[in-house]
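This is what each chain is made of:
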Amino acid sequence: MSDSVNYGTIVKNGIFGENPVFRLALSLCPAVAVTSGVKNGFLMGVAVLFVMTMVNGTVSLLRNYINPKVRIPSYMFIIATWVTVTDQVMAATQRAVYKDMGLYIMLIVAFAIVLSRAEMFASRNKLLPSMVDGAAMGLGFLLALVLLGVFREFLGKGSLWGYPILGQKPLLIMILPTGGFFAMGLMMGWLNWLDRKFFGGTGASSGGH
Amino acid sequence: MFEKVLTIFIASALINNFVFSRYLGLCIFFGVTKRMETAVGMSFTFTAVMLIGAALNWVIYEYVMIPLHLGFLKIVIFIGVVAAFVQAADTIMKKVTPALYYKLGIYLALIVTNCIILAVPLINADEHYGLFESMALAVGSGLGFSLALIIMASIREKLELADVPISFRGLPISFVLTGLIALAFLGFSGMITL
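These protein sequence lines are chains A and B, in that order.
184 is the number of the first residue of the first sequence in the working numbering; add one for each residue after it.
205 is the number of the first residue of the second sequence in the working numbering; add one for each residue after it.
Heads up, a few of these hints could be off.
In silico DSSO-like cross-links for lysine-lysine, where the CA-CA straight-line distance does not exceed 30 Å [what the hints assert, rightly or not]:
{"no.": "1", "chain 1": "B", "residue 1": "Lys-298", "chain 2": "B", "residue 2": "Lys-238"}
{"no.": "2", "chain 1": "A", "residue 1": "Lys-252", "chain 2": "B", "residue 2": "Lys-362"}
{"no.": "3", "chain 1": "A", "residue 1": "Lys-309", "chain 2": "A", "residue 2": "Lys-252"}
{"no.": "4", "chain 1": "A", "residue 1": "Lys-380", "chain 2": "B", "residue 2": "Lys-238"}
{"no.": "5", "chain 1": "A", "residue 1": "Lys-195", "chain 2": "A", "residue 2": "Lys-380"}
{"no.": "6", "chain 1": "A", "residue 1": "Lys-282", "chain 2": "A", "residue 2": "Lys-222"}
{"no.": "7", "chain 1": "A", "residue 1": "Lys-380", "chain 2": "B", "residue 2": "Lys-362"}
{"no.": "8", "chain 1": "B", "residue 1": "Lys-208", "chain 2": "A", "residue 2": "Lys-252"}
{"no.": "9", "chain 1": "B", "residue 1": "Lys-362", "chain 2": "B", "residue 2": "Lys-307"}
{"no.": "10", "chain 1": "A", "residue 1": "Lys-352", "chain 2": "A", "residue 2": "Lys-222"}
{"no.": "11", "chain 1": "A", "residue 1": "Lys-282", "chain 2": "A", "residue 2": "Lys-352"}
{"no.": "12", "chain 1": "A", "residue 1": "Lys-195", "chain 2": "A", "residue 2": "Lys-309"}
{"no.": "13", "chain 1": "B", "residue 1": "Lys-307", "chain 2": "B", "residue 2": "Lys-238"}
{"no.": "14", "chain 1": "B", "residue 1": "Lys-298", "chain 2": "A", "residue 2": "Lys-252"}
{"no.": "15", "chain 1": "B", "residue 1": "Lys-208", "chain 2": "A", "residue 2": "Lys-282"}
It is worth saying that the hints were derived from the structure and are not from the lab.
Just so it is clear, the structure is predicted and the values come from calculations on it, not from any experiment.
Use the sequences and the hints to build the structure in full.
Listed below in structure tokens is the structure:
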């Protein structure tokens, strides 16, 4: 890529064009698992945002020193290191939340989206654009998680961020495991419909991995 | 002892099924269930890798990491062990049984990015399971995942003929379907509590 990097494009790409959850359909496990409440979804998103920014930065700094033959294992170790850092910080500062989603924080290490950004972007770009790309992708992920969290918590518990709003539970099923799958499917279908109706897109989800 | 092993086995296969109640391994779950053949191939490979990987990780955790107080590095070490083991299995299979390799080799590469393969050793470590309990969890999860794959693949084969709204084609309808299966699996909950 040339020296003049368009940061606006990178950010827009991360949030809309290649939104990790809704567009690329990568890293779906946590998107379904932790979004039974807005707060959990938000914290998970922040954790991923941090990991992706730092991993992309580290990979970019080391890109000239890593032998291409061992690049994937090297990336895995960089990712695992940053996930360990996040995991320890979360365990120390957010005890209540960590009890619920500690396992999923540790499993950020197996996220396809982190590895794929390191491989596709950070390994051939300079430090700053790489970090911006990581942050933009993380932000896209964060927004998707919050959107799902709002949808599920409002319908399932009648509250937002733990504060009761409706005073009743309209659709308890939305916070159960099965509701996560329904919410995800409905949300994806709705976004596809919007895309087709108003933006002239094809409105079809990519294959998924 | 035997009772606990059996409990863990049944609980991990049915009640706490990784796909339907812990939402793990979804990437592969949606990726390989388009055809029955790939789903079955993945099931075999997955269960085998899961069992050996969990046993390896248990030995390393118990005899290397605990004595050296390296528990905080478990994420780094477990992913390293799994990746190294899968790479080794890939090379050995290519040499020893090329026929099997051409059938199942492609799934081996996919497995490294699966969260269940990492989640099982992490759960074993957190719960301080013994060797047999760890292996029961591994086999149970492997079979539970296979069950999920095969159910989903058989439904998706029928789905080919259904008239689905354009916006819902592909992944969205698969998610809704998974939700329905998860609803059925909810019936197992409360059978055994761990």
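Hinted pair, alpha-carbon criterion (30 Å max): A:Lys-380, B:Lys-238. Please report holds or violated. 28 Å, holds
Measure nothing beyond the straight line between the CA atoms of A:Lys-380 and B:Lys-362; if it is 30 Å or shorter, mark the hint as holding. 29 Å, holds
For the pair we were handed, A:Lys-352 and A:Lys-222, check the Cα-Cα distance against 30 Å. Distance ~18 Å between A:Lys-352 and A:Lys-222 Cα, so the pair holds.
If you draw a straight line from the CA of B:Lys-298 to the CA of B:Lys-238, is it 30 Å or shorter? 26 Å, holds
Hint consistency between B:Lys-298 and A:Lys-252 [alpha-carbon to alpha-carbon, up to 30 Å]: 19 Å, holds
Taking only the CA atoms, is the gap from B:Lys-362 to B:Lys-307 under or equal to 30 Å? Measuring from Cα to Cα gives roughly 24 Å; hence the hint holds.
Tell me if the straight-line CA distance from A:Lys-282 to A:Lys-352 falls inside 30 Å. Answer holds: A:Lys-282 to A:Lys-352 is near 24 Å, not above 30 Å.
Between the alpha carbons of B:Lys-208 and A:Lys-282, is the straight-line distance 30 Å or under? At roughly 24 Å apart (the allowed maximum being 30 Å), A:Lys-282 and B:Lys-208 satisfy the hint.
Hey, A:Lys-195 versus A:Lys-380, does the alpha-carbon distance stay inside 30 Å? Within the cut-off at roughly 20 Å; holds.
Pair hint B:Lys-208 and A:Lys-252, alpha-carbon separation not exceeding 30 Å: Violated - the C-alpha atoms of A:Lys-252 and B:Lys-208 are around 45 Å apart, more than 30 Å.
Taking 30 Å as the top limit, are the C-alpha atoms of A:Lys-309 and A:Lys-252 close enough? 21 Å, holds
With the threshold set at 30 Å, check whether the alpha-carbon distance from A:Lys-282 to A:Lys-222 stays at or below it. 14 Å, holds
Hint violations for this structure: numbers 2, 8, all remaining hints satisfied.
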